[in-house]
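With chain A fixed as given, assemble chain B onto it according to the hints.
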Amino acid sequence: MSLVEGLRNGDKRAVAKLISLIEDGDAAATAAIREIYSMTGKAHVVGVSGPPGTGKSTLIFRLAQEFRKRGKKVGIIAVDPTSPISGGALLGDRVRMGDLASDEGVFIRSMGTRGRLGGVSAATSDAINVLDAYGSDIIFVETAGAGQTDVEVSDLVHTTVVVVMPGVGDEVQALKAGLFEVAHIFVVNKADLGDADRVASDLSIMLELGEQGDWTPPVLTAVALRGEAEKEVADFLEEHLTHLRESGRMEEKKRRRAEKELMIAISESVLERSLALSSGRSFMSFVDEVLEKRMSPREAAIRLLEESHSGD
Amino acid sequence: MKKIRVLIAKPGLDGHDRGAKVVARALRDAGMEVIYTGIQKTPEDIVEAAIQEDVDAVGLSILSGAHMTLFPRVTKLLRKRGMGDVLVVGGGIIPPKDALELKKAGVAEVFGPGTPLNTIVDFIEKNVGKKPDVAG
Chain A
1 MSLVEGLRNG
11 DKRAVAKLIS
21 LIEDGDAAAT
31 AAIREIYSMT
41 GKAHVVGVSG
51 PPGTGKSTLI
61 FRLAQEFRKR
71 GKKVGIIAVD
81 PTSPISGGAL
91 LGDRVRMGDL
101 ASDEGVFIRS
111 MGTRGRLGGV
121 SAATSDAINV
131 LDAYGSDIIF
141 VETAGAGQTD
151 VEVSDLVHTT
161 VVVVMPGVGD
171 EVQALKAGLF
181 EVAHIFVVNK
191 ADLGDADRVA
201 SDLSIMLELG
211 EQGDWTPPVL
221 TAVALRGEAE
231 KEVADFLEEH
241 LTHLRESGRM
251 EEKKRRRAEK
261 ELMIAISESV
271 LERSLALSSG
281 RSFMSFVDEV
291 LEKRMSPREA
301 AIRLLEESHS
311 GD
Chain B
313 MKKIRVLIAK
323 PGLDGHDRGA
333 KVVARALRDA
343 GMEVIYTGIQ
353 KTPEDIVEAA
363 IQEDVDAVGL
373 SILSGAHMTL
383 FPRVTKLLRK
393 RGMGDVLVVG
403 GGIIPPKDAL
413 ELKKAGVAEV
423 FGPGTPLNTI
433 VDFIEKNVGK
443 KPDVAG
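In order, the protein sequence lines correspond to chains A and B. Take 1 as the starting number for the first sequence in the numbering used here and just add one per residue. Take 313 as the starting number for the second sequence in the numbering used here and just add one per residue.
Next comes chain A alone, as it looks inside the complex (with noise of 0.2 Å):
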């Protein structure tokens, strides 16, 4: 059986497999995905950012429990750093997630970020897509622990999560451009360790500064460890789903994600290319040209794409 057979049959392994091939950049995924593609399109795809240790595995946990008890089908696609010096990573997010691993309504995949920035990794985009083809109502997408300018999940995902907790910096942090503008939903997680309302207040004071746009992120104050915060983000994330429906944002976000979607294809294509180039002959001779300074890196690289362009 095919692993595509196997992902319509419901099998977990099919799925799995199905990852593993994108992760590692094997050319039967490319032909796998092209088979799912048309089936991707149904599941509401949520990305949970912030920095790390705010609580976003734990958030995803209680959500996936509350998402199960509404009668959904769940997918996690939990994303860690990969060490640039070893190539290896530790992907911890499983632990805060207790025995939803034996939830059969419940697919959990870990993956480490491999080299890409901004949160997510080149094969973070087409998981989803998997996942949404094996049938998950609702994909949560948690980010490797994000930076200001870690903004690359919203453009995949159809509801941005931003989890923050208290103590990490005053109301400049909240006015600062980046990942905080692009949140559907914030929530200031931990808020038994005090000062969780200033951290609220400062950043329903940002959001007032800004343009109104047709949907205000609502801030909201959890301890997700204690499972008192669930039900709410769940609602919220529900009616910001009916939000992008009715307002026919929807077609617009799939629009964007169409785009990034393609935008990364082309960007690993291109890095495959660059990395073939850099293990050929000419390569060297190119360093040294740039080495004694006979030439610019810019006009170096020009020149390296153009020989390997006529040597198609």
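Hints are all accurate, no fakes.
Lysine-lysine pairs mimicking DSSO-like chemistry, simulated, CA-CA at most 30 Å apart: (1) A:12 / B:314; (2) A:12 / B:392; (3) A:12 / B:315; (4) A:12 / B:333; (5) A:12 / B:442; (6) B:333 / A:17; (7) A:253 / A:176; (8) A:17 / B:442; (9) A:17 / B:388; (10) A:260 / B:315; (11) A:260 / A:12; (12) B:314 / A:17; (13) A:12 / B:416.
Since the hints were made in silico from the structure, they are not lab data.
Just chain B, lined up with the frame of chain A:
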């Protein structure tokens, strides 16, 4: 490029996971992707995670003495779910005569206290993907 993926899991009730974490870190530094489950997992949880994560190897750590029950349950479940080709290794406080029994039950190697981390890394690198997928 294919990366070696390893699930490090703690079956049973003991909460001592310092060793599991140290091994996880060593495998990470050897360029592997290591998924850590956390403590107190059932064999069913572990096998389900191994399937979803599509791992090449499973490392089981136990210090409570329940290895003779829990390790074979994991290997048996893996075979039952068509994952018999996954390399299973174990670590913890395991007497040599138990280790022999565990090897018969499908645990490829048992690493006791004081095993150099390189030994574990080398063993996994050399042995993943070599086990035939025997149904059972």
